[in-house]
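From just these sequences and the hints, can you work out the full model?
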Amino acid sequence: MALFTPVKLPSDASLDLFWDHQTTFTATLQPSNIEIALSPLQRHIIREITALLFHSTRGKSQQEDYPESLPFFTPDLPLEELKFWLDINQGSLAVQSEQTHVPILYPDGFIRSPMLHSTPHIFVRWIKNLETKGLFIECRPFEKRRNLMQRATLGQATSKTARISAAKCTIDSLSWELSRASLLIPPIIQLLHQHLMAQSAQLELFGGVPEIGLCSLAEALTSPSSQWPINYQRLEFLGDSLIKFFISIHAFRTYPRWHEGYLSKLKDLLVSNDRLTHAAHRACLGNFICAEFITRKHPVFSQKKYGGTKKEISGKVYADVVEALVAAAYEHGGMSLARKCLGKLLPEISNFTPTPRQPQKQDCQFPVHLEKKLDQLLDFKFKNRTLIWEALTHPSWQRDQTTGSYQRLEFLGDAVLDFLVARRLYTQCPKLAEGRMTEVRAALVNVDFLAFLCMDFALTEEFYYGREITTGDFKSTVQLRNTALWMFMRHDASDIVKMQTSYSDTYRMLGDGLKKSLKSGRSYPWATLARLGAPKFYSDLIESTIGAICIESEGDLDACERFLERINLMVYLKHFVKQDIRLEHPKNALDRIAGTRQTEFHVKETEDGLHSISVWLKGEKVASINHCSSRNEAFVRAADAAVSFLSRT
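In terms of the UniProt record's numbering, the sequence shown has 314 at position 314, counting the first letter as 1, and numbering is strictly consecutive.
If you're looking for bench data, these hints aren't it; they were derived computationally from the structure.
Don't be surprised by glycine CBs; every beta carbon is placed ideally from N, CA and C.
Hints may contain errors.
Said to hold, decoys possible - Quick list of simulated restraints, FRET-style, between CB atoms:
#1 SER11 x PRO347: 28 to 38 angstroms
#2 LYS265 x GLY404: 39 to 49 angstroms
#3 SER350 x THR506: 41 to 51 angstroms
#4 ILE104 x ASN129: 12 to 22 angstroms
#5 LEU77 x VAL571: 54 to 64 angstroms
Said to hold, decoys possible - Keeping only pairs whose Cα atoms sit at most 25 angstroms apart, straight-line, the calculated SDA-like set for lysine to any residue is:
#6 LYS265 x HIS281
#7 LYS519 x ARG562
#8 LYS372 x GLU461
#9 LYS574 x ALA527
#10 LYS267 x GLY334
#11 LYS144 x THR353
#12 LYS536 x GLY404
#13 LYS340 x GLY315
#14 LYS516 x GLU584
#15 LYS344 x ALA291
#16 LYS578 x SER517
#17 LYS587 x ALA641
#18 LYS168 x THR57
#19 LYS265 x THR353
#20 LYS515 x LEU583
#21 LYS381 x LEU557
#22 LYS128 x ARG145
#23 LYS515 x ALA442
#24 LYS83 x GLU35
#25 LYS128 x HIS101
#26 LYS373 x GLU565
#27 LYS8 x LYS128
#28 LYS621 x SER644
Okay, structure coming up:
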């Protein structure tokens with residue numbers, strides 16, 4: 001098929017279209033270097049051919065003029081042959097009322113009849129009535145899928161047929177197999193529209209520099225509401241964490257005296273949907289976003305106005321597109337191009353330095369035996385020793401002023417961790433949907449799981465000691481001793497010692513079962529992790545260490561990623577992706593199962609500080625849990641129990 005457009009196509013483009021569960025078409029647009037000046041007669045002919053194709057699968061009452069502003073579609077024939085093709089494929093054959101013999105053995109055009117509202121039907125067979133000697137046609141409806149871009153489900157074929165007097169029927173001259181090509185026109189126009197919008201965005205937003213590929217730009221500008229098979233959701237997932245990473249470094253470096261609370265508020269302000277939406281409006285991104293699903297009834301195909309205006313784009317879509325554009329820039333040009341793209345959209349941070357500032361070295365000494373063990377545990381040697389000890393210093397530490405607490409580094413490490421997990425999921429799992437990537441990331445970066453990793457991350461050493469067997473006779477014994485990361489934390493609070501002891505006891509009781517569930521279970525152990533009841537400083541230590549490595553390595557994210565490999569976080573990521581593990585949080589699962597039914601949690605705190613909770617669904621108690629050490633544990637375990645109960649009923 002040939003496509004006539006008023007402008008040259010920006011690039012090759014292809015699209016898979018699913019006719020049914022067995023048949024797939026691939027529509028490919030290939031730019032031609034041929035420019036044709038059409039005469040008025042030639043223009044009239046190709047418009048008539050396009051209208052013939054476009055209307056061939058519609059009822060007579062639905063046919064309207066094909067707009068001049070849209071591309072024209074014709075068979076792939078020389079221009080001088082199109083008039084002849086149009087003459088033999090226009091119109092229809094009417095069966096005469098007195099005709100009793102079969103005029104065409106097997107008509108390949110659509111059957112139409114006022115008795116069938118002139119809608120297209122496919123010929124099945126001729127039927128002769130021996131009594132009246134009349135001729136009848138048996139035909140079946142021509143089925144049209146609304147959205148050829150989505151895979152068809154395996155459904156039962158329609159067997160309903162109609163028998164109509166042949167005298168009341170007409171047979172289209174155009175083959176129905178060629179007619180169905182007209183159903184490809186809306187998605188092809190939408191594909192063309194996407195790439196032209198991407199080309200315009202490339203010219204107007206990025207000065208025509210083709211640093212970001214048109215396919216990636218088109219993907220970043222396509223909203224899920226367009227029902228296009230590829231949209232910005234995966235790019236938005238990566239861009240969300242990438243922008244937070246950039247903003248966190250900007251805040252960390254620009255305000256070296258701000259504590260974590262101020263830094264978090266600034267970051268939240270700069271990455272908020274309102275701020276990104278404002279940036280999108282300022283850049284006029286609304287002119288390029290593809291948010292509407294183009295069908296044959298779309299206003300673009302008609303001179304009529306269908307009583308409505310252009311679909312309004314929500315603020316979240318604008319924010320999502322900003323994030324997707326930054327991710328598309330990163331995909332094509334790494335951090336440098338991503339910063340350049342973000343700077344165009346958010347000029348207030350266009351001049352930030354991508355590497356966090358090194359804190360000034362302090363002339364101080366730390367315990368030598370701990371320094372050596374720490375280097376062995378991390379497999380990373382800090383030249384600035386102040387930096388790693390700051391990452392291990394709790395806010396309660398008061399004995400000296402050699403370092404600040406880990407809070408600023410934890411703020412930075414949180415952003416680095418989030419981005420590294422998102423980057424690994426995006427780059428190594430190209431077929432993973434955005435929703436699944438979000439579930440995997442949530443399973444890996446939540447405070448309970450990071451606390452578990454902190455508890456499990458330890459240096460194992462051989463410890464020799466002598467034991468007297470008899471008088472003067474000693475036996476040397478070897479034991480293994482673990483020194484975990486959390487043991488290096490400096491603090492000055494007696495309550496922390498109690499919390500560490502309590503958490504260690506709980507970990508010894510639940511740790512082995514938790515590891516087994518994480519490695520071989522069919523569902524993520526949210527409830528067991530909640531039972532551990534980890535104090536937040538365990539997860540903070542993981543994030544602050546990541547932040548310290550990021551600064552020491554001058555922004556080398558590969559060094560940070562090696563640390564994540566060392567604590568087994570990336571091992572679990574690979575396991576969660578490869579195995580079909582249920583990762584949905586119990587609260588989300590309960591909301592999904594309950595649907596519109598109202599769910600209520602009734603929590604009571606007992607005199608000993610423990611919590612009891614019950615879950616009620618439409619006035620009926622479906623689960624109850626007692627002896628929970630925290631409200632969070634109570635809610636997670638109760639939701640998990642309720643999901644288990646409702647799944648069995």
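Right, here's what the structure says about each hint:
no. : hint                                : in the structure
1   : SER11 x PRO347: 28 to 38 angstroms  : holds (30 angstroms)
2   : LYS265 x GLY404: 39 to 49 angstroms : violated (19 angstroms)
3   : SER350 x THR506: 41 to 51 angstroms : holds (48 angstroms)
4   : ILE104 x ASN129: 12 to 22 angstroms : holds (19 angstroms)
5   : LEU77 x VAL571: 54 to 64 angstroms  : holds (60 angstroms)
6   : LYS265 x HIS281                     : holds (23 angstroms)
7   : LYS519 x ARG562                     : holds (21 angstroms)
8   : LYS372 x GLU461                     : holds (13 angstroms)
9   : LYS574 x ALA527                     : holds (22 angstroms)
10  : LYS267 x GLY334                     : holds (22 angstroms)
11  : LYS144 x THR353                     : violated (55 angstroms)
12  : LYS536 x GLY404                     : holds (18 angstroms)
13  : LYS340 x GLY315                     : holds (23 angstroms)
14  : LYS516 x GLU584                     : holds (19 angstroms)
15  : LYS344 x ALA291                     : holds (23 angstroms)
16  : LYS578 x SER517                     : holds (15 angstroms)
17  : LYS587 x ALA641                     : holds (10 angstroms)
18  : LYS168 x THR57                      : holds (19 angstroms)
19  : LYS265 x THR353                     : holds (20 angstroms)
20  : LYS515 x LEU583                     : holds (15 angstroms)
21  : LYS381 x LEU557                     : holds (16 angstroms)
22  : LYS128 x ARG145                     : violated (33 angstroms)
23  : LYS515 x ALA442                     : holds (18 angstroms)
24  : LYS83 x GLU35                       : holds (20 angstroms)
25  : LYS128 x HIS101                     : holds (9 angstroms)
26  : LYS373 x GLU565                     : holds (19 angstroms)
27  : LYS8 x LYS128                       : violated (54 angstroms)
28  : LYS621 x SER644                     : holds (13 angstroms)
Going down the numbered hints, you'll see the structure goes against 2, 11, 22, 27, while the others check out.
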